[in-house]
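Asker: As a plain string of letters, each chain reads:
2 protein chains.
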Amino acid sequence: MHPAIFRTSAETAAFCSQCRRDGKTIGLVPTMGALHEGHLSLVRRAREENDVVVVSIFVNPTQFGPNEDLDKYPRTFENDVALCGSLGTDAIFAPAPADVYPDGYATYIVQERLTAVLCGADRPTHFRGVLTVCCKLFNIIAPTVAYFGQKDYQQTVVIRRMVADLCLPLRIEVCPTVREPDGLAKSSRNRYLSDSERADARCLSRALELARTMIAQGETDAWAVINALKNLIASTKSAKIGYVAVAHPDTLEPVERIEGTVLVALAVTIGGTRLIDNALIEAPTA
Amino acid sequence: MHPAIFRTSAETAAFCSQCRRDGKTIGLVPTMGALHEGHLSLVRRAREENDVVVVSIFVNPTQFGPNEDLDKYPRTFENDVALCGSLGTDAIFAPAPADVYPDGYATYIVQERLTAVLCGADRPTHFRGVLTVCCKLFNIIAPTVAYFGQKDYQQTVVIRRMVADLCLPLRIEVCPTVREPDGLAKSSRNRYLSDSERADARCLSRALELARTMIAQGETDAWAVINALKNLIASTKSAKIGYVAVAHPDTLEPVERIEGTVLVALAVTIGGTRLIDNALIEAPTA
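Residue numbers (numbering that gives the first Met the number 0), protein chains in the order written: chain A, 0 to 285; chain B, 0 to 285.
Please note that the accuracy of each hint is not assured.
Which copy is meant is left open, so a pair is good if it fits within one copy or across any two.
What the hints assert, rightly or not - In silico SDA-like cross-links for lysine to any residue, where the CA-CA straight-line distance does not exceed 20 Å:
id	residue 1	residue 2
1	K23	A141
2	K23	P168
3	K23	D98
4	K236	G119
These are computed hints drawn from the structure, not numbers from a lab.
For reference, chain A alone in the conformation it holds in the complex (with noise of 0.2 Å):
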């Protein structure tokens, strides 16, 4: 099958104000393109769950910082489009940059609190960009659900956050992260890596490993499992942290005292590439 291409938000607008009111469900799976097993994992879910799939695949300028990776950013269309096409895909949304900030563009959704922690310290304006796109892309399409990767966790919560506060009309669902063989986490940036700091990238599902295995046993420290993390990431020669944190999964604040159910969160940059990776894991009852 072969999915309607749309190249600008007037366009998808009209489609799926059609889909609507024909009475369809619509399921939308908001990407960056250069689509790997996570995305795919999503439209499969999307497929089952909903009349409609749309997939929008736009490198979002407005995520990347001025030193980031955004013109390096993989793009595979032609391959993604097909993946697309090969799951169902009703239609793939891919505007141009100058349809989604034409000239004299001025508007941004901002988050207090959420995004100033974690990636947000990082990446000051990294959430604005994310919130901003998303928040178009559910008024141009007006989803019945979008699908997002667990992988991105910050991203998730910052998002149900934006849809809960401004009354967007959606339903937001997260999908299990999904992972190489080893155990690292999929990511389009993956591609970026030597074939030694592939290797080396395990080092982050490594410690998500241990900080389970810690949990498990009863360490409610959350310092403890920091630090342990942060030592067996250091073992790796070619990482850098970019932090480890214990946090609560819906205020992302620091937790002191693990219990009930924690998010580890790891930002590990491997040579040059800037990776994530995070779990949550639940305290065993005292």
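Dock chain B against chain A, hints included.
Answerer: Same frame as chain A, now just chain B:
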């Protein structure tokens, strides 16, 4: 006719959603209550043009600065409801602040450039509050069209810009400023004025009349107009000038040479009351 009165976003969204499913158009008039003839002109227009009319009445705390008049802002709810009823309003949305900004609320709409000038220069968080609450109202009510008064000219520009930038699916209509017989623009804040201040407040509309006359007589130097208006206003002892500006009607950027249509906009504090007024003035063709 008695309008339905909704106190929560959820009830309002349910009512409006049913209206849309029934194929009805919805006209929204967003207000902070203390309704005057300016608001009522918007309600009449909404009534003429739509199947369903919703008036929101909410004194929005986020658009007031820390030293502004949030606490003393006039609240005349019973009278507002009666006025809306007399004009055939179907529903009033009058939420509590905790419904609009519940605990943990974090998301705001901001805008570059347009919100930094004119009233935005004096009131740095004002338009953030206006944009955020309007975006929420638009999402909750999903009106076909929302009506605003030209008296708050900059507000109409930033809201139109937000609607275009975020692809919000509604139309914005701007209705003419309604004035007292002596020219004073209707405003809920006029009731703060003492009798002598009320007389002094005529300097705003007189200044706009002077601008009209000068431009009609061929004045093309914006600074000459601004200086003349400042002199006129300064001759009123109780008046303190906030700004007098000649600006482009869309970008709000200062104009030096007057041609085509220009915005002449004023903010003047009379006693303790900050008043604004404006006019779109077309220069005679050379």
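Asker: Next, verify each hint and record whether it holds.
Answerer: Hints, one by one, checked against the model:
no. : hint        : in the structure
1   : K23 x A141  : both (12 Å within a copy, 19 Å between copies)
2   : K23 x P168  : both (15 Å within a copy, 19 Å between copies)
3   : K23 x D98   : neither (26 Å within a copy, 31 Å between copies)
4   : K236 x G119 : neither (25 Å within a copy, 51 Å between copies)
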